[in-house]
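Student: Those protein sequences? They're chains A, B and C, same order as listed. Counted from 1, the first sequence has number 174 at position 174 by my numbering; the numbering is strictly sequential. Counted from 1, the second sequence has number 155 at position 155 by my numbering; the numbering is strictly sequential. Counted from 1, the third sequence has number 81 at position 81 by my numbering; the numbering is strictly sequential.
It is worth saying that the hints were derived from the structure and are not from the lab. Among these hints, one or two may not hold up.
Claimed, not checked - On the chain A side, residues computed to face chain C include the following (Cβ under 8 Å):
#1 Ala45
#2 Phe157
#3 Arg168
#4 Thr169
Stated by the list, open to error - Straight-line distance between alpha carbons at most 27 Å, and here's what the computed DSS-like set of lysine-lysine pairs gives:
#5 Lys185(C) <-> Lys159(A)
#6 Lys242(B) <-> Lys256(B)
#7 Lys631(B) <-> Lys595(B)
#8 Lys214(C) <-> Lys480(B)
#9 Lys252(C) <-> Lys151(A)
Built from N, CA and C at the ideal position, the CB exists for glycine as well.
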Amino acid sequence: MPDLKTIIPEPDNNLLSFVRTHTGQNISACYQCGKCSAGCPTAYAMDIGPRQVMRAIQLGLRDEILNSSAIWLCVSCQTCSVRCPREIDIAQVMESLRLLSQSEGRPPAQREILVFHRAFLQQVRVFGRLYEVGLGIMYNLRSMHFFNNIKRLPSLFAKKKLHLIPQRTKGAAEVRRIASRVKELEREFK
Amino acid sequence: MSRIGVFICHCGTNIGGVVNVPEVVEAARHMPLVVFADENKYTCSEVGQASIRNAIAEHKLDRVVIASCSPRMHENTFRRTVAAAGINPYLLEMANIREHCSWVHSDSRDATSKAIDLVRMAVSKVARHEALFPRQIGLTKRALIIGGGVTGIQAALDIAAAGHEVVLVEKEPSIGGRMAQLDKTFPTLDCSACILTPKMVDVAQHPNITLLSYSEVVDVRGFVGNFEVDILRKAKMVDYDKCTGCGLCWQACPEKIPSEFNLGLGYRTAIYIPFAQAVPNKPVIDIANCRYENYRRWKETEQGPEPPQCRICEGVCPTEAIDRTQRDEIITEKFGAIIVTTGFKTFDHSVYGEYGSGKYPDVISSLQLERLMSAAGPTEGEVLRPSDGAHPRSVVFIQCVGSRDDKVNRPYCSKVCCMYTAKHAIMLKEHDPDVQCYVFYIDIRAGGKDFEEFARRAQDETGALYLRGRVSQIYQKDGKLVVLGEDSLMGRPVEITADLVVLATGMEASENAAEVAQKLNISYNAYNFLIEAHPKLRPVETQTDGIFIAGAAVGPRDIPDCVAHGSAAAVKAVALLSQDSLTTDPLTSVVDPMKCVGCFACREVCPFNAVEEQTTRDGRIIASINESVCKGCGLCVVACRPGAINLRGFTNQQLLSEVLTLVGR
Amino acid sequence: MAQVKPDTGKQEPGRIYSYYPGCSQLATAEEYDVSARLVSRKLGIELRELENWICCGASAAHSTDHLLSLALPANTLKQAEEKGLPLAVPCAMCFSRLKFALHELENKDTRELVSRAIGKDVSTDVTVEPMLKILADDDIAIPLEKPLAGLKVACYYGCLLVRPPEVVNFDDAENPQTMERLMQKLGAEPVEWGLKTSCCGAGVAFPRLDVVLKLSYRILSLAKERGADCVAVACPMCHANLDMYQKDMKAKYGQKLDLPVLYFTQLMGLALGFSPRELLLNRHITNPLPMLRRKGLI
Numbered sequence: 001m002p003d004l005k006t007i008i009p010e011p012d013n014n015l016l017s018f019v020r021t022h023t024g025q026n027i028s029a030c031y032q033c034g035k036c037s038a039g040c041p042t043a044y045a046m047d048i049g050p051r052q053v054m055r056a057i058q059l060g061l062r063d064e065i066l067n068s069s070a071i072w073l074c075v076s077c078q079t080c081s082v083r084c085p086r087e088i089d090i091a092q093v094m095e096s097l098r099l100l101s102q103s104e105g106r107p108p109a110q111r112e113i114l115v116f117h118r119a120f121l122q123q124v125r126v127f128g129r130l131y132e133v134g135l136g137i138m139y140n141l142r143s144m145h146f147f148n149n150i151k152r153l154p155s156l157f158a159k160k161k162l163h164l165i166p167q168r169t170k171g172a173a174e175v176r177r178i179a180s181r182v183k184e185l186e187r188e189f190k
Numbered sequence: 001m002s003r004i005g006v007f008i009c010h011c012g013t014n015i016g017g018v019v020n021v022p023e024v025v026e027a028a029r030h031m032p033l034v035v036f037a038d039e040n041k042y043t044c045s046e047v048g049q050a051s052i053r054n055a056i057a058e059h060k061l062d063r064v065v066i067a068s069c070s071p072r073m074h075e076n077t078f079r080r081t082v083a084a085a086g087i088n089p090y091l092l093e094m095a096n097i098r099e100h101c102s103w104v105h106s107d108s109r110d111a112t113s114k115a116i117d118l119v120r121m122a123v124s125k126v127a128r129h130e131a132l133f134p135r136q137i138g139l140t141k142r143a144l145i146i147g148g149g150v151t152g153i154q155a156a157l158d159i160a161a162a163g164h165e166v167v168l169v170e171k172e173p174s175i176g177g178r179m180a181q182l183d184k185t186f187p188t189l190d191c192s193a194c195i196l197t198p199k200m201v202d203v204a205q206h207p208n209i210t211l212l213s214y215s216e217v218v219d220v221r222g223f224v225g226n227f228e229v230d231i232l233r234k235a236k237m238v239d240y241d242k243c244t245g246c247g248l249c250w251q252a253c254p255e256k257i258p259s260e261f262n263l264g265l266g267y268r269t270a271i272y273i274p275f276a277q278a279v280p281n282k283p284v285i286d287i288a289n290c291r292y293e294n295y296r297r298w299k300e301t302e303q304g305p306e307p308p309q310c311r312i313c314e315g316v317c318p319t320e321a322i323d324r325t326q327r328d329e330i331i332t333e334k335f336g337a338i339i340v341t342t343g344f345k346t347f348d349h350s351v352y353g354e355y356g357s358g359k360y361p362d363v364i365s366s367l368q369l370e371r372l373m374s375a376a377g378p379t380e381g382e383v384l385r386p387s388d389g390a391h392p393r394s395v396v397f398i399q400c401v402g403s404r405d406d407k408v409n410r411p412y413c414s415k416v417c418c419m420y421t422a423k424h425a426i427m428l429k430e431h432d433p434d435v436q437c438y439v440f441y442i443d444i445r446a447g448g449k450d451f452e453e454f455a456r457r458a459q460d461e462t463g464a465l466y467l468r469g470r471v472s473q474i475y476q477k478d479g480k481l482v483v484l485g486e487d488s489l490m491g492r493p494v495e496i497t498a499d500l501v502v503l504a505t506g507m508e509a510s511e512n513a514a515e516v517a518q519k520l521n522i523s524y525n526a527y528n529f530l531i532e533a534h535p536k537l538r539p540v541e542t543q544t545d546g547i548f549i550a551g552a553a554v555g556p557r558d559i560p561d562c563v564a565h566g567s568a569a570a571v572k573a574v575a576l577l578s579q580d581s582l583t584t585d586p587l588t589s590v591v592d593p594m595k596c597v598g599c600f601a602c603r604e605v606c607p608f609n610a611v612e613e614q615t616t617r618d619g620r621i622i623a624s625i626n627e628s629v630c631k632g633c634g635l636c637v638v639a640c641r642p643g644a645i646n647l648r649g650f651t652n653q654q655l656l657s658e659v660l661t662l663v664g665r
Numbered sequence: 001m002a003q004v005k006p007d008t009g010k011q012e013p014g015r016i017y018s019y020y021p022g023c024s025q026l027a028t029a030e031e032y033d034v035s036a037r038l039v040s041r042k043l044g045i046e047l048r049e050l051e052n053w054i055c056c057g058a059s060a061a062h063s064t065d066h067l068l069s070l071a072l073p074a075n076t077l078k079q080a081e082e083k084g085l086p087l088a089v090p091c092a093m094c095f096s097r098l099k100f101a102l103h104e105l106e107n108k109d110t111r112e113l114v115s116r117a118i119g120k121d122v123s124t125d126v127t128v129e130p131m132l133k134i135l136a137d138d139d140i141a142i143p144l145e146k147p148l149a150g151l152k153v154a155c156y157y158g159c160l161l162v163r164p165p166e167v168v169n170f171d172d173a174e175n176p177q178t179m180e181r182l183m184q185k186l187g188a189e190p191v192e193w194g195l196k197t198s199c200c201g202a203g204v205a206f207p208r209l210d211v212v213l214k215l216s217y218r219i220l221s222l223a224k225e226r227g228a229d230c231v232a233v234a235c236p237m238c239h240a241n242l243d244m245y246q247k248d249m250k251a252k253y254g255q256k257l258d259l260p261v262l263y264f265t266q267l268m269g270l271a272l273g274f275s276p277r278e279l280l281l282n283r284h285i286t287n288p289l290p291m292l293r294r295k296g297l298i
């Protein structure tokens with residue numbers, strides 16, 4: 001049985017040990033210097049910054065982190081990971097918390113961001129490639145921001161940036177096959 | 001026939017609580033050649049030692065086994081005890097039934113049986129001991145100090161004051177090291193040059209001190225008390241006997257080179273003294289950059305356009321002191337003790353791409369700020385932005401640059417940066433009351449005497465804003481610098497637009513520290529800091545007798561600690577030099593000349609360079625061990641293929657007898 | 001240091017690549033695809049598009065489903081491996097996902113699991129290169145028809161091309177110079193500026209436009225302050241964020257930027273003599289044509 005805790009998150013009551021196993025990062029090494037938060041482009045918009053997330057893991061503050069906007073506003077730009085003096089891959093830690101929050105079924109603190117991701121993947125499953133117009137429509141519907149970006153449509157069409165007809169490809173079936181096999185495998189390992 | 005006495009120690013309950021001592025004593029009485037066995041509560045005490053002396057006399061013992069703690073504890077003591085009773089001190093063997101027995105086993109049965117085995121082994125070994133006699137060797141009563149910073153200067157003055165000769169070798173044209181580059185020192189805000197230069201002058205004038213400036217150590221041979229050192233005297237091109245230090249030459253020299261002393265912030269000339277209070281106060285010519293030397297090099301090949309001949313310095317010198325016939329020369333000197341004080345350099349912050357890779361002119365290092373603040377510096381004490389010469393109104397300090405950072409391979413704390421940054425904040429306020437300082441820190445380390453109060457003064461009284469958080473990036477905008485940081489105490493990102501950014505760069509070992517250490521065969525760690533013999537108890541000694549270390553070369557430390565360190569090393573050197581002869585340890589290897597084939601496998605493995613060549617009367621070249629250098633590690637014994645080497649006190653026969661006894665034969 | 005040295009392995013610049021355009025090249029970033037193909041052909045580089053390629057998963061996959069985020073690029077890697085050619089990737093996100101997949105697939109267990117997910121045996125024996133690296137190769141001679149004389153370019157790399165260094169192994173994570181060298185070859189003047197790898201806001205434009213506006217505005221306004229006439233990019237996401245919202249930024253921050261954002265391949269195309277129409281320069285929301293006319297480049 002392969003050791004797959006690094007791919008398929010295994011829920012663990014101990015938050016620190018979960019993160020350690022899932023990411024292989026040494027969270028205890030963090031001495032709270034703040035270089036991550038200082039360079040994080042979206043930290044200003046977060047409720048708690050990356051440094052505080054690391055501290056919260058050290059203290060086992062599960063709810064605070066998994067309900068935070070931080071894990072959703074992290075855009076995986078990797079600036080924190082590249083500059084951390086303790087060589088901790090903070091971006092990877094944020095990602096694992098994002099996945100953990102979803103596996104626990106928690107409503108995301110930034111609803112629209114998850115709506116966007118889901119809409120994106122839904123388009124990919126249908127067409128094998130991203131159909132941008134479809135993404136726009138789906139996002140507006142599901143997020144219920146029905147008029148999002150509407151004002152841009154005229155100039156986007158005028159500049160021929162939007163193609164109304166999606167490209168069809170055999171890849172679509174491939175994607176659906178892969179997606180369903182992935183689901184099976186995840187069920188198998190849980 | 002030997003008469004062996006065995007003494008088993010209880011060591012209170014350390015041994016007695018686990019091992020059945022009376023049983024061991026009884027067993028010992030029946031061991032071969034043992035005529036007396038007894039027990040003691042505390043053998044190392046006066047009572048215990050007396051009992052051994054009495055037993056030796058009463059029972060006419062000629063060899064002794066003491067079964068107690070590790071020989072590292074009391075072997076020397078017990079050697080003196082048996083010597084006092086008239087037995088050669090090397091006819092003693094200790095059986096370690098504490099660290100190797102009672103302290104690591106809990107079952108009394110097993111421990112006792114093991115203790116008996118250990119004693120039996122010791123008895124069989126000591127039966128094969130020989131009497132050994134240490135030798136006396138002579139020594140050279142001179143000390144060599146490598147490195148002329150404040151530590152080396154202090155050590156030199158102390159040794160000289162004790163009445164011994166000292167040679168101080170310094171690779172730069174002047175002594176003074178890093179301290180000469182500082183403006184003020186914390187926490188007293190003394191002018192650094194003002195307190196250092198008197199010492200520098202004392203070094204130059206003391207009759208016992210020979211100052212070899214612009215010189216480097218190139219090779220070291222020999223052993224404690226008898227070192228032979230090759231010193232490279234670099235060609236100065238100036239005759240110091242004629243030169244008066246008047247300064248006409250360097251004022252006239254047309255060539256301008258970025259000044260190393262001012263860390264690139266100003267210029268010096270090709271014939272130069274590094275700073276005004278340099279000792280010696282006489283110049284050297286930088287041959288690589290001198291125009292006439294360049295001409296001379298051109299003359300050798302005559303390729304390319306002819307460069308100017310210059311020689312202006314020679315023209316203005318009133319005493320004809322310029323001597324272009326000088327060449328590098330190597331001199332060989334003898335010393336009894338060597339002290340290494342090669343000091344430190346500051347971390348090169350150009351590896352931090354996020355801070356501008358060293359290319360932003362207004363992002364400077366802390367030492368560069370010292371030069372700006374110094375009245376003798378490139379801007380005569382005005383703190384000006386290097387880019388446009390304007391006075392900075394807002395200054396950001398970033399601590400821990402090149403310290404506490406695994407990413408740049410400097411995980412350690414450099415100890416002094418919190419303090420000198422506080423000093424900088426205080427000084428800047430004195431230079432310009434309108435300036436606003438910001439200090440980004442992770443922790444404030446202010447552990448010395450009056451340090452905490454000083455650090456608090458910076459935070460409480462100067463209006464400097466201390467922000468806890470490491471800076472992620474600096475970028476240039478509109479002629480200023482945007483600093484992206486975080487105040488972790490409020491948990492908010494902070495963005496500051498600064499006129500000047502000062503990076504508190506950490507301390508690291510000097511450029512050539514590893515090279516010097518290798519020449520001396522002393523240890524250094526992964527960061528090229530020299531390693532002490534014991535980090536707590538032997539801070540200025542190395543594993544090599546006669547070589548001492550001191551100051552920032554050993555690890556990050558501030559000036560008071562360096563001065564204390566220098567004095568400590570001086571005392572060790574003086575203790576050595578004050579003896580009329582040195583006693584060698586007889587537990588050394590010895591080569592049997594009849595068996596040695598001259599393969600020198602022993603020399604390959606010897607970590608102490610103790611193997612020498614000797615020619616036998618029939619012309620063979622075979623190995624011989626220098627007993628003054630040999631440390632008795634035994635590697636040569638193992639490496640020797642013909643089995644020609646034996647280690648006194650641990651001969652093959654002695655060790656083999658232990659093994660055979662253990663397996664019952 | 002953990003920073004990996006830039007990949008300067010001097011292999012013969014391969015002239016034939018498999019080509020993985022990525023989804024954005026179909027519509028919103030079509031000008032990147034078109035200009036990349038034109039320029040490659042002119043320089044003697046053959047790009048063979050993979051058949052029936054599928055989406056790499058982008059942020060959506062890695063943020064929601066780790067195994068899926070490995071399986072989708074693994075499928076592409078398999079296709080590339082079967083073709084036996086190195087894989088050229090214009091989009092920085094696709095490049096990043098493929099490199100991350102390669103990195104994680106080093107682990108045997110991961111490889112087995114992902115192989116089961118895609119139903120084929122995954123191997124890591126594939127070379128994946130970003131279009132920037134291929135076209136900026138020092139050994140490629142660029143026959144300049146129209147040197148971009150006097151054009152000051154701020155080269156913008158974004159996040160994914162250069163970070164994390166141990167995964168992407170391309171140039172320097174803090175101060176890359178590949179695009180700058182290329183611009184100099186084209187006769188243009190790259191400006192030095194400190195935000196060339198600073199994040200533009202990535203994929204949060206739809207849900208959090210305010211974040212994208214703030215981050216992209218900071219980038220554009222520094223580029224302008226540093227004297228740039230335009231910004232050169234190598235990522236469709238960065239292009240969209242920097243190009244599409246300059247009117248919004250004017251409304252929010254009160255500064256009219258009017259700073260055109262071009263794909264580096266379009267600049268190469270101009271220098272090689274292609275017309276603005278061929279390079280789809282009219283597709284950009286922030287019109288580059290007036291600036292190019294002013295500079296005498298068209």
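Student: Now tell me if each hint is right for this structure.
Tutor: Quick rundown of the hints versus the structure:
The criterion of a C-beta within 8 Å of any C-beta in chain C is met by Ala45(A), whose closest approach is roughly 6 Å, and the hint holds. At its closest, the beta carbon of Phe157(A) sits 11 Å from a beta carbon of chain C; the interface hint therefore is violated under the 8 Å criterion. With a least beta-carbon distance of about 10 Å to chain C, the hint placing Arg168(A) at the interface is violated under the 8 Å criterion. For Thr169(A), the suggested interface contact is upheld, since its CB lies about 5 Å from the closest CB of chain C, less than 8 Å.
For the hint linking Lys185(C) to Lys159(A), the alpha-carbon distance of about 30 Å lies beyond 27 Å, and the restraint is violated. As the CA atoms of Lys242(B) and Lys256(B) are separated by approximately 25 Å, the hinted pair is consistent with the 27 Å bound. Taken as a hint, the Lys631(B) and Lys595(B) pair is honoured in the structure, with Cα atoms around 22 Å apart against an allowance of 27 Å. Taking the CA atoms of Lys214(C) and Lys480(B), the gap is about 20 Å. The hint holds against a cut of 27 Å.
Distance check on the hinted pair: Lys252(C) and Lys151(A) sit about 16 Å apart at the alpha-carbon level, within 27 Å; holds.
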